[in-house]
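Put together the whole structure using the sequences plus the hints.
For the record, the sequence lines run as chains A and B.
Residue 658 is where the first sequence ends in the numbering used here, and the numbering goes up by one at each step.
Residue 123 is where the second sequence ends in the numbering used here, and the numbering goes up by one at each step.
The set of hints was computed from the structure by calculation and includes no laboratory data.
Mixed in with the good hints there might be a few duds.
Some chain B residues near chain A, calculated using beta-carbon distances under 7 angstroms [to be verified]:
1) Thr14
2) Arg16
3) Arg25
4) Lys106
The C-beta atom is built at its ideal place from N, Cα and C for all residues, glycine as well.
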Amino acid sequence: MVNSLQDVDGYVVTDADFRGIFEHLVEGIYRTAVDGRFLLANPALAAIYGYASPAELIATLTKIDEQLYVDADRRGEFIRLMEEHDCVWSFESAIYRKDRSIIWISENVRGIRNSAGQIVYYEGTVQDITERKRAEEELRRAKEAAEELSRAKSQFLANMSHELRTPLNAVIGYSELMMEEAHDADIHLFDKDLQTVRGAGQQLLELINDVLDLARIESGKTELFLEQFDIATMLNDVEATLLPLVRNNRNHFGIRIDPNVGCIHADLTKVRQSLFNLVSNACKFTEDGQVDLSVYRETRNGVATGYIVFQIKDTGVGMTPYQMERVFEPFVQADSSMTRKYGGTGLGLAITREFCRMMGGDVTVESELGKGSTFQMRIPLDVSVPPIVVEEPSPIELEPEIPAGSQVVLLIDDDESVHPVVERLLEKEGLEMVSAFNGRDGLELARKIHPLLMILDVIMPGMDGWAVLSKVKEDPVLRDIPIAMLTMVDDRELAFSLGVSDYMVKPINRVRFRAMLKRLLISDDTGYILIVEDNDQTRHMLKITLEQAGWTVAEAYSAHSAIEHLKHHSPQLIISDLMMPGMDGFQFTTQLQNHLEWKEIPVLVLTAKEITDEDRRALPPNVKQILQKGSYGREELIREIRAHIHDHEIPHLTPSPH
Amino acid sequence: MSPHRILLVEDNDTNREMLQRRLTRNGFQVLEALDGRQAIDMMLSDPPDLVLMDMSIPVLDGWAATQQIKADARISHIPVIALTAHAMVGEREKALACGCDDYDIKPVELERLLGKMKHLLKR
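Written out as C-alpha cells, the structure is:
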C-alpha cells in the first residue's frame, strides 16, 4: 500500500521511513479500539501521558473512558462525534497522566470503519497543549480582574464624587452666604478672599462633576434622555454661560447659525455640555483672539446627511499632530506642561467624545501649532433614528430606476433631511423610496412610477402640498393612490376632507409611521379588523391576539375616531366596546347601521357590561355577536370572527377618494 | 404681604442651616424638618407655601414622603421641589414621576433655586 509513495526526487519511501516518523515524531500517535483499549502508541504519546514506554502505556491504559479523561463524559462525547462525523479536529480535553497529574491535550482523530460500516478503531494524533491552556486561563483571569478593577474604580469614583459634593455644598454655600451678609453689613474687607474661596469651591465642583461623568460613562450608567429642542435657543443659553470665559482672555466670540438648522431630537443636557466643553476649551487656549461657533446642517454632494454640525474654530495655541492624536483620551491634556499652565482635568474632551458617540455622532479636530484648532461635533438630527451613512461619492439619481412591480413609496418633501429618515423607516418594512423635492417633480414621478403610497409635505416652495393633493385627486390614474400628509402644522380636518388617507405631524414618530404603513398598504386579499376600544391595555391585548391569528388590525380609541377611520377605509369586521367616553357602543353601532356603506360591516361587541335583554334590543342588527369580556376564550373569539368575516364577505374597497 | 413660608427638609445640619439663613435673607420664613415623617406631620398641622425636600433623608426618604404628600388631598396642592446631591441621570424623571413639582441639584445655585421657587409660588 505504501510502496508506491515517492518523494519529490523519485526516492521510494520505505516502511522503515514510516517507522522512523512514528518512532520520533514529537506528536503522540495512537490507534485505539472502540472498547477503550490502546492497540498502538508511539514513544511520544507514552511520554505525553507519563509512561516509560508505549508497551507500558498499552498494558496499563485499558479503559480509556475511566482512566484517561478527567471529565467522565468526555469519551462518550468523543464517540458521539466520531459516529456523526467520522473524524474530530482539535478535540481538547483534560486528562490524567500516569502519576495522576492533569494535563490538557488536543486530539485529531479519524474513525476506521469495516465493510459493514461499523467503526472498528480510531487513529489519531495527540498534542500537549497544557502550556497554551495555562496562558489562556491566565489571560482570562487577568481580563476578568481588569474588568472587575475597572468596575470597582468607577463605583469608587461615583461614590467619592457624591461624598465630596456634600462638604462642597457647605463650602460654596457658606462663602456665598458670607458675601451676602458682609454686603448687607457694608463690610468689604473680605470680599476678595471670599471670592477666592468660592471660586476654588466652584472649580473643585466642576472637577468632581467631570470625574463623575466619566465614571458613569465607564460603568455604563449613562443614559440618553431624548427630547426635541430648538438649537438656536440652546445656543443662547450656552452663550450666556460662556461670556465670562470669553472675556477672561480678551477673546472675541462669534456665533453663526444657519437659518434652517431648526430643531434637533437629542439629549439636550449632553449636547449643551459638549458644546460648553468645546467652546470653553477654545477660550482657554486662545488669548486676544477669535473663537467662532458655526452651526449648520451637513450635506454631502448637495444631499443632506441628517447630521447637524457644530464647528468651533479658534485662533489659539493649536496642537502638534502628536497632541491631536491624544487630545480626546481621558486624563490626557495635549501635554503635561499644559496642565501646569492652563489647569483643568483634561476630562472635558473625553466626556464630549463619549457623549457625541452615545448619540450616534462624533467629534473630530484639525489643528496647526501656533495657528489654532477647529473642533467639529456632528450629532444626528434625530438621535432615535440614526442617519444613513452616505457613501462617497453619491450622485443624486435624477432618473430613479424602478424595478417593475416593486414596492415603491414616493416622498415629496423639500426638507432634504426628512428623506433619509423616511427611507430608513420604509426599508425596514421592505419598501423602496423614491424622492422628489418639490411638488412638480413629485407629480411627474407619480405619473411615471405609480407608487403604492405617496407621502406629502404640506409646506413647500412653489407648488405646495395642498396643490399637489388636489392635482392627484383630479387625476383618474393617480386618484386611488393613498396619500399620507407629513407636516409641521396640524391641519388634520382639512386634510381628511380633501381625501388624505393619513396625517402625521413632524417630527416623524416611528411607531406611528409603521402603523400608518400597515394600515394604508393592506393588500387586497387580506382582511383587516378595526378594534374600537378606549382601554389601551385591552385594545393592545386584542390586537396581539388577532395579529397572531393572521389578521391585520387597525385601532381606534373612540367611536369618533373609528368613524373618522371608516370615512376612508373599509375594514371587514369591527370589534367594538360598549362603554366608551363620548359616543358609546350603542350609538356607534346604530350610526353604522344607518349608514349605507357601513351597515354591511359585521360588528362583534366585546363588553364587560352585564348585558340585559333591553341592551340586546338596543343593539342594531349589524351587531352579530356579543362577547362578555373575560368569559370567552381566544379560540371562541377567533371562531366568531372567522364565521362573520366569511358570512359577510364584502369586496375590498380601496380607500375611496371624496 | 406676609412672607412665604418654606418648609426645608434636610438632615444635614450644616446644609440646612446654610440654606435656612440664605432663604431668610431673601425674605422667606423658613420652617425646618429633619426627615420625611416630621415633614408630613408639620405640613398637616401648619401647611407651608412650598416644600424644599432633600431626597436622601432618614426615617421616610424624600421619594416616599413626596408620594405620600401628593396622595393626601389635604396637602397635595403644596408644591414640592426635590433636591438631590446625586445629579444622576434619571433622577429628574424619577422626581417628577413621584409627584415633585420641580427638581434641583445640590450644591444649590441660589439664583436658580429662587427662580424655581418664585415660579411655583406664583401659581
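Structure-based check of all given hints:
The interface hint given for threonine 14 of chain B is met, as the beta carbon of that residue sits about 5 angstroms from the closest beta carbon of chain A, less than 7 angstroms. With 7 angstroms as the threshold, the beta carbon of arginine 16 of chain B stays out of range of chain A, its nearest partner Cβ sitting at about 10 angstroms, so the hint is violated. Restraint check, arginine 25 of chain B versus chain A: the minimum CB separation of about 6 angstroms is within 7 angstroms; hint holds. With a cut of 7 angstroms, the hint placing lysine 106 of chain B at the interface with chain A holds, because the nearest CB-to-CB distance is about 5 angstroms.
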